[in-house]
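Trainee: Here are the chains, one letter per residue:
Protein chains: 2
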Amino acid sequence: MPEYKAPLRDMRFLFDEVFDLPATYAAIGASDATPDMVSAILEEGAKFCEQVLAPLNRSGDEEGCQWHDGVVTTPKGFKEAFAQYIEGGWNGLAADPAYGGQGLPHSLGLVLAEMVGSANTSWGMYPGLTHGAMSAIHAHGSEEQKQTYLTKLTEGRWTGTMCLTEPHCGTDLGIIKTRAVPQADGSYAISGTKIFISAGEHDMSQNIVHLVLAKLPDAPAGTKGISLFIVPKFLPDAAGEAGQRNGVSCGSIEHKMGIKASATCVMNFDAAIGYLIGEANKGLNCMFTMMNHARLGTGMQGLCNGEASYQGAVRYANERLQMRALTGPKAPDKPADPIIVHPDVRRMLLTMKAFNEGNRALTYFTAQLLDVAHGPDAERAAEAENLLAFLTPICKAFMTETGLEVTSLGMQVFGGHGYIREWGMEQLMRDCRIAPIYEGTNGIQALDLLGRKVLGSQGKLLRGFTKIVHKFCQAQAEHPQLKGQVAELARLNQQWGELTQRLGMAAMKNPDEVGAASVDYLMYSGYVTLAYLWLRMAVVAKAKLAAGAVDAPYYETKLVTCDFYFQRLLPRTAAHLAAAEAGSDSLMKLSAEQFAL
Amino acid sequence: MPEYKAPLRDMRFLFDEVFDLPATYAAIGASDATPDMVSAILEEGAKFCEQVLAPLNRSGDEEGCQWHDGVVTTPKGFKEAFAQYIEGGWNGLAADPAYGGQGLPHSLGLVLAEMVGSANTSWGMYPGLTHGAMSAIHAHGSEEQKQTYLTKLTEGRWTGTMCLTEPHCGTDLGIIKTRAVPQADGSYAISGTKIFISAGEHDMSQNIVHLVLAKLPDAPAGTKGISLFIVPKFLPDAAGEAGQRNGVSCGSIEHKMGIKASATCVMNFDAAIGYLIGEANKGLNCMFTMMNHARLGTGMQGLCNGEASYQGAVRYANERLQMRALTGPKAPDKPADPIIVHPDVRRMLLTMKAFNEGNRALTYFTAQLLDVAHGPDAERAAEAENLLAFLTPICKAFMTETGLEVTSLGMQVFGGHGYIREWGMEQLMRDCRIAPIYEGTNGIQALDLLGRKVLGSQGKLLRGFTKIVHKFCQAQAEHPQLKGQVAELARLNQQWGELTQRLGMAAMKNPDEVGAASVDYLMYSGYVTLAYLWLRMAVVAKAKLAAGAVDAPYYETKLVTCDFYFQRLLPRTAAHLAAAEAGSDSLMKLSAEQFAL
Chain U
1 MPEYKAPLRD MRFLFDEVFD LPATYAAIGA SDATPDMVSA ILEEGAKFCE
51 QVLAPLNRSG DEEGCQWHDG VVTTPKGFKE AFAQYIEGGW NGLAADPAYG
101 GQGLPHSLGL VLAEMVGSAN TSWGMYPGLT HGAMSAIHAH GSEEQKQTYL
151 TKLTEGRWTG TMCLTEPHCG TDLGIIKTRA VPQADGSYAI SGTKIFISAG
201 EHDMSQNIVH LVLAKLPDAP AGTKGISLFI VPKFLPDAAG EAGQRNGVSC
251 GSIEHKMGIK ASATCVMNFD AAIGYLIGEA NKGLNCMFTM MNHARLGTGM
301 QGLCNGEASY QGAVRYANER LQMRALTGPK APDKPADPII VHPDVRRMLL
351 TMKAFNEGNR ALTYFTAQLL DVAHGPDAER AAEAENLLAF LTPICKAFMT
401 ETGLEVTSLG MQVFGGHGYI REWGMEQLMR DCRIAPIYEG TNGIQALDLL
451 GRKVLGSQGK LLRGFTKIVH KFCQAQAEHP QLKGQVAELA RLNQQWGELT
501 QRLGMAAMKN PDEVGAASVD YLMYSGYVTL AYLWLRMAVV AKAKLAAGAV
551 DAPYYETKLV TCDFYFQRLL PRTAAHLAAA EAGSDSLMKL SAEQFAL
Chain C
1 MPEYKAPLRD MRFLFDEVFD LPATYAAIGA SDATPDMVSA ILEEGAKFCE
51 QVLAPLNRSG DEEGCQWHDG VVTTPKGFKE AFAQYIEGGW NGLAADPAYG
101 GQGLPHSLGL VLAEMVGSAN TSWGMYPGLT HGAMSAIHAH GSEEQKQTYL
151 TKLTEGRWTG TMCLTEPHCG TDLGIIKTRA VPQADGSYAI SGTKIFISAG
201 EHDMSQNIVH LVLAKLPDAP AGTKGISLFI VPKFLPDAAG EAGQRNGVSC
251 GSIEHKMGIK ASATCVMNFD AAIGYLIGEA NKGLNCMFTM MNHARLGTGM
301 QGLCNGEASY QGAVRYANER LQMRALTGPK APDKPADPII VHPDVRRMLL
351 TMKAFNEGNR ALTYFTAQLL DVAHGPDAER AAEAENLLAF LTPICKAFMT
401 ETGLEVTSLG MQVFGGHGYI REWGMEQLMR DCRIAPIYEG TNGIQALDLL
451 GRKVLGSQGK LLRGFTKIVH KFCQAQAEHP QLKGQVAELA RLNQQWGELT
501 QRLGMAAMKN PDEVGAASVD YLMYSGYVTL AYLWLRMAVV AKAKLAAGAV
551 DAPYYETKLV TCDFYFQRLL PRTAAHLAAA EAGSDSLMKL SAEQFAL
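Same order as they appear, the protein sequences are chains U and C. Residue numbers for the first sequence follow our numbering, so the first one is 1 and each next one is one higher. Residue numbers for the second sequence follow our numbering, so the first one is 1 and each next one is one higher.
Bound conformation, chain U alone (with noise of 0.2 angstroms):
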């Protein structure tokens, strides 16, 4: 089993050299977040995870959750780390100090949640879901919907879910069944069944919190017509503790390929009791607060998977003795060399590392942006928002199709050894793979980004970012050493808003051209953006080691990994560039029938 190290030096690295964390919580206000305590939190955080969660990972595969007559048992050790996790207050870190959250900026959250994820990516769901009903209670619950709701949550002693997908529906809620009929007390009945329901029924709390979409009797039809419920699965009684059971049950849980530790539930909902948060017939604007952040969340999942994949294979490349270097023997007191002196390990050790490290710089560019955007400068939260916006699928899609490809790169570098499970390789990329679908599919996140975002706002969202890359290959076009990535920056930047006017002008003629085009440029996007921020970082390096850095392996380390993205993944804009302006013929020619022919 892959030993999970939290990445620290990386982490401090783009915490504190490239995106100058402090800084913004010095503008932001965070006075909490000083740098004594982000230590501790990053120290501690890591401890927890290594220690407790890394541990429980392999076993927690290998046992699965069980269900039996409608309980649902995690397997042995999640209930008492979970408890562990709320004992140390990790579960409110970054939430509200009015619910009795400690308040701390949204970005150490995801420090926190990479950390969790790459150690044990099943026992992540439980708070990770959590958050997201947080967020959602946060932004559209009454007052007392967060005193009964959000405090519990925040302690971490209720969990939460989300509720959205049916037997017939998961991306198309517009056709949802579960309805919600009004009751004399201002309460409503819900009915329905959903499906898909992760941590929707386990052991670990002992309330759960169900944010629900249903329909009103009345409700227009369509997306114009969900409302969104607080279903929990115990009443609150008088005293706010969990009371009387309510009419939701778990039917029964889905058998997976990976994740097999996240309980993915049937949840019956038999004229339960619920309550409306937000406005009527408004569910779906509230269940994006919570999609959003599930997407970041979701994005991270490459970076977590791919991280773990990539500590995994680079311990067995040294160890593994395979083979004499081409160039002559390595370690001729061996039988063979380690396989790490060969080439193509070396390319496939690379392709993971430049692929996870961009992801991270990605990962905490857009942290700061979260926080620049909950803070108080309105017209720089509003940039932030509209940043975050377009980054957003970018972050989900591209992180999750990357992240797929680490994990199973890494299954590669084990060769045999990498497809038999006690090696715990190949549990990374059953985990990985359901990050592509779920929290919207990257086909999903693809129509969102060209066809929502970009040409949705007419290009502006894209030229939000775009302007900013366009002034930093401005700023740094005369680097000495960099000066040739950085025009191959510009040039693809350049590419990307002539690409964006073409198929919006295509568009406007076909619609059918927007989901033609979409995913190509989605993958197009992503790798530019990953130029961008390994050219930040190398940017850094290159400072650091100008200045004399204690620490020059790690930067010139850096340097060669940015080389190698550039080298050797950024040509692939041109095969997604060449797809994605290929249009819609070929692809809307066939009938259904000449599919099956």
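You may find that some hints are simply not true.
No copy is singled out in the list; a pair is fine if it fits within one copy or between any two copies.
Listed below are the simulated DSS-like cross-link pairs for lysine-lysine, each with C-alpha atoms no more than 25 angstroms apart in a straight line [said to hold, decoys possible]:
(1) K471 with K544
(2) K542 with K471
(3) K330 with K509
(4) K544 with K483
(5) K47 with K79
(6) K282 with K177
(7) K471 with K483
(8) K330 with K589
(9) K483 with K589
(10) K544 with K589
(11) K79 with K5
(12) K282 with K224
In short, the hints are calculated from the structure, not lab data.
Position chain C against the provided structure of chain U, taking the given hints into account.
Mentor: For chain C alone, coordinates are given in the frame of chain U:
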């Protein structure tokens, strides 16, 4: 679970219309392979695979193989299906009549193997390994060994294995530890441990014939000191039947990501009686006979899993209702349109279709070469052997890489349901994931292609193929509808040669340049090879349409899929070209320690 239907129409298109295998059969004197016989094999084979093997695929995955005290039990129904297969005479289809086979062309054996592997990959491993052992004994065994073992293997009452890998070595067979000590009676006492032995122990046959690599006491070091031995589980008695138990036993079976119904065994040889096959210290050559056979079969696994996945995905895309087409409702009487109306779903399906049908064409192309290589015309046979040597690593690696992409897309079409075991889509991806690893990892295939085959022949083996492509492009240069694509193929074909020359020059200065470029070089080669085969199919389809073919929709579908391949997939050559030319600098610069920074 995706229901499997053998793609007989596509098979006949390649068989009769594109490659004209009947003409090949006439040329090699395969008079038994009459059109009636071929039809019977295709139809009866399809029936057996669809009705007997496919229904055991999901249950086989869930049950897996069980090990108890050295005895391995295969999933319910596996044994009975094998008995039926033997009864039907399928096992000896392409085997030598001198030892009980039917002597039909090898290409027919591959056609059958595609259907078997698509219906049930795990089950197909048992006859697959047996065929490998049969090839090796046929090529290198003594007449007595053939009479004793090959007859039983052909009949299918006994099955075979290949025992290469040991705990400390897989790729690097030069360092194996298994020892063979000569005995007074001319036999050898074999001692050692082999791992990852597919079909090493099971309950489907009366005896298991292990082909084992081991070292003689006085053997030279490295791969030149390896010999091959026949080590039967039960020693043949006087009547040639399975007699006394030999000193070989199964210590355990592996728990794997997929192909769970294929028993992957740890085999312990404890002074087991073995018989030298072929010459002493030439075992690796003998083993390569098996491996080349096995590599074509493994490459086909990408096609098999991909085909099964595609069939499931097309059916689901026609049934699943979700969202309206962007151009307006297509099924206004239903709550939503079937997802096959969405361009991005079509992009995924066409990617799957283009790879599957391209990979099938590659399979039939090599199958035809296999027939010619076994045919009576020595000059043509030698030419076919060279082409096979060149194409084998491409088949193995390109078809498994793309097969893995196809099975992943198949899951993606299903959305969340793709991740759930009962639908069967995720099993196909798990089963497929081994194919880029076993029978020589794809990294090893790439070194074999670029280092051994292409540069090792001073480019001769490459030119043997690019010349064929060049002639085809010349002949079709003025094709009224296809000339644009012909020109693109000609450009890439020429570029292939130029790339090879540059890599050859670089490799002369630095051997690491081969390993640095090899995988991207192989993928480039695969995309160009498939482009050639797609155009061969397109030329036939155009001609059939011009001649007023009755099943015009089939041919039109071929042409659209060809367009899609050229527009959307072939441009990936640009990315692989850039990566292959990037050189070894950024790969080799880091110390082993720096990878962990």
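Trainee: For each hint, tell me whether it holds in the structure or not.
Mentor: To see whether the hints hold, each was checked on the structure:
1. Proximity of K471 and K544 under a CA criterion of 25 angstroms is satisfied intra-copy only: 22 angstroms inside one chain copy versus 57 angstroms between copies.
2. Taking the shortest Cα distances, K542 and K471 sit within 25 angstroms of each other inside one copy (19 angstroms), while across copies they are farther apart (52 angstroms).
3. Proximity of K330 and K509 under a CA criterion of 25 angstroms is satisfied inter-copy only: 19 angstroms between copies versus 61 angstroms inside one chain copy.
4. Only within a single protomer do K544 and K483 lie at most 25 angstroms apart by alpha-carbon distance; the minimum there is 17 angstroms, versus 55 angstroms between protomers.
5. Taking the shortest Cα distances, K47 and K79 sit within 25 angstroms of each other inside one copy (18 angstroms), while across copies they are farther apart (51 angstroms).
6. Within a single copy, K282 and K177 get their C-alpha atoms as close as 16 angstroms, which meets the 25 angstroms cut-off; across copies the closest is 70 angstroms, which misses it.
7. In this assembly of identical chains, K471 and K483 lie within 25 angstroms of each other by CA distance solely inside one copy; the values are 14 angstroms within and 44 angstroms between copies.
8. Taking CA atoms no more than 25 angstroms apart as the test, K330 paired with K589 passes between copies only; the shortest distance there is 15 angstroms, against 57 angstroms inside one copy.
9. Taking CA atoms no more than 25 angstroms apart as the test, K483 paired with K589 passes between copies only; the shortest distance there is 21 angstroms, against 45 angstroms inside one copy.
10. Proximity of K544 and K589 under a CA criterion of 25 angstroms is satisfied inter-copy only: 19 angstroms between copies versus 56 angstroms inside one chain copy.
11. Within a single copy, K79 and K5 get their C-alpha atoms as close as 23 angstroms, which meets the 25 angstroms cut-off; across copies the closest is 47 angstroms, which misses it.
12. When the C-alpha separation of K282 and K224 is checked against a cutoff of 25 angstroms, the pair qualifies only within one copy, where the shortest distance is 7 angstroms, while the shortest distance between copies is 74 angstroms.
Checked against the numbered hints given earlier, the structure satisfies every one of them.
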